[in-house]
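Enquirer: Counting the sequence shown from 1 gives a position; the working numbering is that position plus 738.
I should point out that these hints are in silico values taken from the structure, not numbers from a laboratory. Where a beta carbon is used, it is the ideal one built from N, C-alpha and C, also for glycine.
Computed list of lysine-lysine pairs in PhoX-like fashion (alpha-carbon distance at most 25 angstroms, straight line):
#1 K861 - K846
#2 K802 - K861
#3 K861 - K803
Taking CB as the label site, the calculated pair distances span:
#4 R744 - I771: 30 to 38 angstroms
#5 T766 - R740: 34 to 42 angstroms
#6 I754 - D842: 20 to 28 angstroms
#7 F854 - E770: 31 to 39 angstroms
#8 K861 - I771: 36 to 44 angstroms
#9 K861 - L748: 15 to 23 angstroms
#10 P760 - F813: 18 to 26 angstroms
#11 I850 - S777: 22 to 30 angstroms
#12 Q778 - R864: 35 to 43 angstroms
#13 L756 - D842: 18 to 26 angstroms
#14 K803 - F768: 28 to 36 angstroms
#15 F813 - R744: 13 to 21 angstroms
#16 I815 - L748: 17 to 25 angstroms
#17 I754 - L817: 15 to 23 angstroms
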Amino acid sequence: MRLTVRIFALLDIISIALLAQPFWQIITHFKEIPQETLSQVRVVLTLPMFLLLFISAAGLIIYKKFVLIAYYVQFPIRLIIWVFTVGFITLLPELFNLKELWFDIFFKICFIAEFFRLYFTIKIHRETF
Numbered sequence: 739m740r741l742t743v744r745i746f747a748l749l750d751i752i753s754i755a756l757l758a759q760p761f762w763q764i765i766t767h768f769k770e771i772p773q774e775t776l777s778q779v780r781v782v783l784t785l786p787m788f789l790l791l792f793i794s795a796a797g798l799i800i801y802k803k804f805v806l807i808a809y810y811v812q813f814p815i816r817l818i819i820w821v822f823t824v825g826f827i828t829l830l831p832e833l834f835n836l837k838e839l840w841f842d843i844f845f846k847i848c849f850i851a852e853f854f855r856l857y858f859t860i861k862i863h864r865e866t867f
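Construct all of the structure, not just a fragment, from the sequences and the given hints.
Expert: This is the structure:
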């Protein structure tokens, strides 16, 4: 189980790196957020999500119970703003100049993988704590 937790920590660190630029754009252009409700919700949820990723990564590295609870809070937010645990794979079609079909496939894989992470988080929570 500890290896799984360490892998989740590494994936959260990757998510932090990928979310850093959008987070900075939101902070520096906060006044320019579109008035559409969905855009505002995504922006408002991105800010705490970025901070929760730091808590999650640090907690997973030191293997503490609070991080599992933090993930339960993160899970619905991840689905709403599309910050998936293995979301970096959606960048592969752009990197390798693949067709748009591949993005759709990888996006679905990310969505399913997030539910697998929830399953493993619950399993770790029950077995360890």
